[in-house]
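Chemist: Chains as they are written, first to last, in full-length UniProt numbering: chain A, 1 to 340; chain B, 1 to 340; chain C, 1 to 340; chain D, 1 to 340.
These aren't lab readings, by the way, just hints derived from the structure by calculation.
Check before you lean on any hint, since a few could be wrong.
Identical chains share a label here; the pair holds if one copy fits it or two copies do between them.
Unchecked claim - 20 Å max Cα-Cα, derived SDA-like pairs, lysine to any residue:
(1) Lys303 to Ala276
(2) Lys70 to Pro160
(3) Lys303 to Glu11
(4) Lys303 to Val62
4 protein chains.
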Amino acid sequence: MIIVLKNNSQEKQVEELLNWLDQFHVSTNLVEGVHSNVIGLIGDTTQIDIEAVQAKECVENVQRVQEPYKNANRKFHPDNTVIDVAGRKIGGGKLQVIAGPCSVETEEQIITTAIAVKEAGATMLRGGAFKPRTSPYSFQGLGKEGIDLLIQARKITGLPIVTEIMDLSDLDCFADVDVVQVGARNMQNFTLLKALGRSDKPVLLKRGLSSTLQELLMSAEYIMSEGNQNVILCERGIRTFEPATRNTLDLSAVPLLQQKTHLPITVDPSHATGIASLVEPMALCAVTAGCDALEIEVHNDPKNAWSDGAQSLTPAQFAETMKKVKALSEFMGKPLDVNE
Amino acid sequence: MIIVLKNNSQEKQVEELLNWLDQFHVSTNLVEGVHSNVIGLIGDTTQIDIEAVQAKECVENVQRVQEPYKNANRKFHPDNTVIDVAGRKIGGGKLQVIAGPCSVETEEQIITTAIAVKEAGATMLRGGAFKPRTSPYSFQGLGKEGIDLLIQARKITGLPIVTEIMDLSDLDCFADVDVVQVGARNMQNFTLLKALGRSDKPVLLKRGLSSTLQELLMSAEYIMSEGNQNVILCERGIRTFEPATRNTLDLSAVPLLQQKTHLPITVDPSHATGIASLVEPMALCAVTAGCDALEIEVHNDPKNAWSDGAQSLTPAQFAETMKKVKALSEFMGKPLDVNE
Amino acid sequence: MIIVLKNNSQEKQVEELLNWLDQFHVSTNLVEGVHSNVIGLIGDTTQIDIEAVQAKECVENVQRVQEPYKNANRKFHPDNTVIDVAGRKIGGGKLQVIAGPCSVETEEQIITTAIAVKEAGATMLRGGAFKPRTSPYSFQGLGKEGIDLLIQARKITGLPIVTEIMDLSDLDCFADVDVVQVGARNMQNFTLLKALGRSDKPVLLKRGLSSTLQELLMSAEYIMSEGNQNVILCERGIRTFEPATRNTLDLSAVPLLQQKTHLPITVDPSHATGIASLVEPMALCAVTAGCDALEIEVHNDPKNAWSDGAQSLTPAQFAETMKKVKALSEFMGKPLDVNE
Amino acid sequence: MIIVLKNNSQEKQVEELLNWLDQFHVSTNLVEGVHSNVIGLIGDTTQIDIEAVQAKECVENVQRVQEPYKNANRKFHPDNTVIDVAGRKIGGGKLQVIAGPCSVETEEQIITTAIAVKEAGATMLRGGAFKPRTSPYSFQGLGKEGIDLLIQARKITGLPIVTEIMDLSDLDCFADVDVVQVGARNMQNFTLLKALGRSDKPVLLKRGLSSTLQELLMSAEYIMSEGNQNVILCERGIRTFEPATRNTLDLSAVPLLQQKTHLPITVDPSHATGIASLVEPMALCAVTAGCDALEIEVHNDPKNAWSDGAQSLTPAQFAETMKKVKALSEFMGKPLDVNE
C-alpha cells in the first residue's frame with residue numbers, strides 16, 4: 001500500500017497515522033520528497049481499510065499494490081481449484097455444461113427438459129425453485145416443491161442439480177442440492193455468503209449487475225474466509241447503456257479472473273444476452289475464452305415458459321449448440337466432460 | 001400494453017396468444033396493418049409478464065403503456081403519502097434530516113454525535129449496526145449491541161432512529177427501531193422486502209447501485225403489495241463510469257419520482273459523493289429538488305471513523321450545513337421540521 | 001507521480017526506466033522495500049505519458065499525484081476566470097442564462113423566441129445552425145443561414161449569441177458569433193479544439209456523453225495550451241443505464257470542477273433530462289450548485305419544433321422558470337445578471 | 001411506428017398530428033381503445049424524427065417497429081457486403097488481420113514491425129499518423145510524414161494500409177491510403193462521415209465509447225446515404241464501470257450486428273482491453289464470434305512505444321497469437337486469408 005501525504009500535512013498528523021498503522025503489524029517506510037511525502041507499507045495489508053486511511057487528515061490519496069483478498073488470490077494458491085460435484089470436477093480440465101429451465105414449473109416440464117439436456121450432452125441440471133423477479137406480480141417459483149422436482153429429475157437422469165438460494169431462511173431446503181447458486185442480486189448479501197461459507201457445499205457465485213471483478217472476488221473471499229473453499233465464479237453480463245441486449249457479456253473477465261484467482265469460472269450466455277439467438281455464439285466464445293463451465297437456459301417449450309422464455313433454447317436448438325460446444329471444447333483443449 | 005406481431009406470424013400462433021391473454025381479464029384489440037399487425041391491451045396489465053409475451057413465437061416486440069406498479073403509482077393515489085415516524089411526518093410538507101455516523105462504534109461516539117446533530121437541527125438519528133462491507137476483513141458493525149446503543153441515544157436526544165437491516169434473520173433486533181433501512185445492495189432482496197411488507201414499520205428503501213427508477217418502484221411494490229404502505233424511497237447515487245466521485249447522484253430522480261409515485265423521497269448526499277466537501281452542495285441541491293428528507297453522515301471524529309470517514313462531516317461542518325439547509329428549505333417552501 | 005516496481009524487476013530495467021525519466025527533468029526518488037520498490041517523481045509531470053510508463057517492463061503500476069493539466073488547474077490559477085462576452089461576464093459573480101431553440105428554423109421562429117426569452121430575463125441567445133443529428137435523415141440545421149438569422153435576432157434584442165460548431169471547415173461562419181459552442185460529441189475532436197485555441201473567442205465546451213471530468217479538463221487544456229484562455233465548461237448529463245431520462249445530470253460535477261479549475265461552469269438541464277417538465281427543477285438545482293450560467297432550450301412552438309421539442313419550454317413556461325431562477329439566484333448570492 | 005396517444009388528448013390535436021404525418025407519405029391507422037388510442041404507421045418511417053413525434057401535445061409515447069436505417073439494413077440487403085481493399089476482401093468469407101503499431105514513430109520502427117507482422121500472417125498494416133490523445137502534452141502523431149512512412153512500408157511488404165483520419169482538413173493526406181479509419185471519438189463527427197461518404201474509399205468505422213449499436217449503424221448510414229457503401233464496422237470495447245480493463249469488449253455485438261446489417265465487422269481486442277495479456281484470448285473469442293477482421297496492435301519494442309505500449313504485442317507474441325488465430329479460424333470455417 002502506497003500512501004501519498006498532503007503537501008501541508010503536519011508532523012503530528014503523520015505521527016498519528018504511523019501509530020495507527022502499527023496495529024496492523026506492517027512495516028512502514030516514509031519517503032520525503034520536495035512536493036509530497038509518501039509512506040510505503042510492507043506486509044499483509046488485507047486487514048487495512050483503504051477508506052479509513054483515506055479519511056486521515058494528512059492523506060492525499062492511497063493506492064493498494066497488493067490485492068485485498070487472500071484465499072481467492074492466485075499468488076498464494078498457484079494451482080487451479082478443482083471442485084467435486086457429485087463426482088464431476090469443475091475446474092479440472094474438462095468443460096461442464098449446466099443446462100435447464102429458468103424456473104421449475106411442473107414435473108413434466110423439468111423431467112422432459114432434464115432428459116433432453118442430458119441427451120444433448122449437458123453434465124448438470126439447473127432450474128430455479130426460488131425466483132428473484134423484478135415484479136411481485138410475476139411467478140415467484142415453486143419453492144421447496146421445485147427443489148423436490150429437481151431431485152426427482154436427478155434420480156432419473158443422474159445429473160447433479162444446481163439451484164438458486166434467495167434467502168438464508170431457506171437454507172434447509174438446499175441440504176440435498178449439489179450446487180447452491182447465489183444470484184447476481186445477492187452477490188453482496190454478505191450474511192448469506194458467510195452462512196454458505198460455514199458449509200462445505202459448492203457455491204456458484206454470480207457477478208452482480210454492476211459489480212467489479214474485484215468486488216466479485218471479495219464476495220468469494222467472504223465465503224472462503226469462513227472455511228468453504230468450494231466457490232465457482234460466474235460471469236453473466238453486466239449492466240451498461242446498451243439496450244439491444246439485456247446485459248453486456250464481459251468475456252475478458254474470464255482470462256482476467258484466471259490471472260487473479262485459482263477458482264473455476266462459469267459463463268452464463270443466456271442471462272448475459274437475454275436473446276435466444278445470441279446464446280450459441282456467446283457460449284462458443286466463452287469456451288474459447290477458457291471457461292470451466294457453461295450455464296445455459298433450456299426449456300421444453302420456451303414460448304410458454306413462465307419466465308425468461310425469450311432467452312431459452314428449445315431442446316433441439318440446445319442439441320445443435322452442444323454439438324458445436326463439444327467440437328470446439330476439444331479443439332481448445334478443455335473437452336466437454338462425459339455425462340455418464 | 002401494445003404488442004407488435006411479426007410480419008410472418010401465423011394465424012394459429014396469434015390465436016394462441018389471444019387465448020393466453022384471456023386469463024388476465026384484459027380486453028384485446030387486434031389491428032391489421034399492411035406490414036405488421038398490432039394488438040392493443042386494455043385493462044389491468046400489471047399481472048402480465050412482459051417477458052412471457054416477448055417469448056411468444058409471433059411477437060416482434062411489446063411495449064407497456066401503463067406502469068407495472070399499482071400501489072406505488074401516483075395515478076391511482078394522487079395524494080402524497082405521509083409517513084408517521086414517532087410523531088414526525090415524512091412527506092408531510094416539512095423537511096426531515098436524518099444524521100449520524102456510518103457505523104455505531106462506541107457508546108461515547110454515538111451519544112456525542114447524536115447530541116451534536118440534534119443541536120444542529122437534525123430530526124432523526126442514523127447509525128449502522130449491521131454493516132454491509134465489501135471486504136470480510138473490514139469492521140462488520142456491532143450488530144444487536146449497536147441497536148441498543150442507538151436506543152440509548154434516542155432516550156437522551158428524543159430523536160427517532162433509522163438503521164439498516166441486512167438479513168431477515170436479524171428482524172427481531174429491529175422491533176424497537178423507528179425506521180428500518182434497506183440498503184442499496186439489498187434493494188432486490190425480495191424475500192426481505194416481502195417480510196418487511198408484512199409489518200407496518202416504516203421502511204427506507206435505497207436505490208440499488210445500478211437500479212432503474214422503475215426497478216426501485218417495483219421493489220417498493222413488493223413491500224406495499226404485502227400490506228405495508230409506509231415506504232420511503234432514497235436516491236443515493238448510481239454507479240457510472242466517472243471515477244472522481246464514489247457514485248453519481250441522480251437528482252432528476254427526485255422530480256421524476258414525484259411525478260410517478262406518491263411516496264416520500266430521501267436523498268443521501270454522503271454515499272452519493274463519498275467526499276465530505278461535496279456533501280453540503282449536494283444536500284442543498286436535494287432540498288431545491290424538493291426531497292422530503294436528507295440522510296447525512298456525521299461523525300464526532302471522522303479521521304478515526306471505523307468506516308466511511310472520508311465522506312463524514314464533523315459536527316461543526318454539519319452545523320454549518322444545517323444553517324444553510326434551514327434557510328434554503330424555508331425559501332423553497334418545505335421548511336426543516338423543528339426537532340423538539 | 002508514484003511508480004510501483006514489479007517484485008522481480010531487474011536492476012538493468014530499472015536503470016533504463018530512470019534514464020528514460022531523465023528527459024522530463026523531474027527528480028526521482030527510489031525507495032527500496034521488502035516486497036516492492038517504489039519510485040517517487042518530483043517536478044512537472046504533465047509531459048509524462050502515464051501509459052508509456054505503464055508499458056515499461058519493470059513497472060507494476062503508476063499513479064499520478066498531480067493533475068495532468070496546468071492551464072486549467074486551480075492550483076496554479078487560484079482566482080476564478082471571468083470571461084467577457086460582449087460586455088457580459090461569465091464567471092464574474094452574476095448568473096447568465098443562455099436560452100433559445102435547439103435549432104434555428106425560420107426568421108419568425110428565432111426572432112419571436114429571442115424576444116420572448118429576453119423579456120423573461122435571459123441574458124444570451126442560443127440556437128443551433130449546424131446540428132449534430134443521430135440520423136442523416138433528420139433536419140441537419142440551416143448552416144450559415146442559421147447564423148445570419150441569429151445575428152439578426154441579436155440586432156433586435158441585443159443578446160449575445162451562442163451557437164455550435166461541428167467542423168473546422170465551418171470556422172469562417174463563426175467570425176461574428178459571440179460564443180462558439182463545442183458539442184458533447186466533439187469534446188474530443190482535438191483538431192477542432194486546437195484551432196479554437198488559436199483564436200480568442202470564448203468557447204463553451206460541453207462534456208462528452210461518457211467523458212470523465214478529468215477528460216473534460218484535458219480537452220479544455222487543449223484549447224488553453226494553444227493560447228485561448230476563454231473556456232467555459234458545460235455539464236449536460238452523462239450516459240448511464242437509466243432509461244427514464246435522456247441522460248443523467250451529474251450535478252456534483254459543479255462543486256467538484258470548482259475545486260479543480262478556475263474556469264466558469266454552465267449547466268444544460270434541457271439536454272441532461274430530455275423532458276420539459278424536469279428542466280425547471282434541474283435548472284434550480286444547478287443554480288443551487290453554484291453554476292455560472294444555465295443553458296435552456298426554449299421554442300415558441302415546441303410541439304412543432306424541428307428538433308428536441310420534447311425537452312423545450314414554451315416562452316410562458318420559461319418565464320415562470322425564470323422568476324424562480326431569479327429569486328433563487330439572489331438567495332444563493334450569485335444573482336441573475338440584468339439583460340440590458 | 002406505433003404512436004400511443006394520451007388519455008386526455010383532444011380531437012383537434014390528434015387531427016393536427018395526422019395532418020403532420022401526411023407529409024411523410026405513410027398510411028396511418030387509428031385504433032380507438034377504452035383507455036388510450038393508438039396510431040399505427042405503415043410505410044417508410046426512416047424520415048420521421050421520433051423526437052418530433054414525442055413532442056406533439058397528444059402523444060404519450062412512440063415506438064419504432066422498423067429500424068431507422070435503410071442502406072445498412074440487412075432486411076433490404078440480405079447478402080453480405082464484401083469490400084475490396086487492394087485485392088483483399090473484407091467480408092468475403094476469409095478472415096483479415098490488420099496489425100501494426102498504435103503510432104507510426106520512425107522509419108525503422110514501422111518497417112521492422114510491418115515485416116514482422118507480415119511474416120506472422122497479418123494481411124494488412126495499421127499505424128496511426130494522426131493520433132487522438134487525451135492530453136495535449138502527449139505525442140500527437142507524425143501527421144503526413146507518418147502516412148508517407150506507411151506507404152513506404154506498404155511498398156516493402158505489399159500490405160494494404162489502414163490509418164485514422166482525425167479531421168476533414170487532412171483528407172488530402174489520405175488519397176493513397178487503402179482504408180480510412182474513423183476513431184471512436186469521431187464516430188459521431190457527422191461532417192467527416194458525410195465527406196467520407198462522397199468518396200469510394202473503404203471506411204473502418206469504430207464504435208464510440210458509449211455508442212449504442214443502433215447509433216453505430218446510423219453513423220454508417222451517414223456514410224452510405226452519401227453514396228459510399230464500403231463501410232466496415234469495428235467493435236473496440238465500450239466504457240463501463242469496470243476499472244480492471246480499459247474498456248469492456250462487447251462481443252455479442254458481432255452476432256447481433258450480423259443479424260441487423262450486411263456490413264463486415266472488425267474487432268479490436270487491443271483497445272478493448274488495454275492489456276497485452278488479454279489480447280490473444282479476446283482475439284480468439286472474436287474469431288469464434290464470427291468477425292470478418294481483427295485489428296491488433298503490435299510494436300517492435302512495446303516498452304519504448306510512444307503510445308499504448310501496455311496493450312501492444314511484441315512481434316514474437318503476435319506470431320504465437322497468429323498461429324492460434326490461423327488454426328481457430330480454419331476450425332470455425334472462416335479461414336485467415338493468405339497474405340501473398
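Chemist: Next step is simple, just say for each hint if it's right about the structure.
Modeler: Tested hints:
| no. | hint | result |
| --- | --- | --- |
| 1 | Lys303 to Ala276 | within (11 Å within a copy, 40 Å between copies) |
| 2 | Lys70 to Pro160 | neither (30 Å within a copy, 41 Å between copies) |
| 3 | Lys303 to Glu11 | between (70 Å within a copy, 16 Å between copies) |
| 4 | Lys303 to Val62 | between (53 Å within a copy, 14 Å between copies) |
Comparing the model with each earlier hint shows a violation of hint 2 alone; every other hint is respected.
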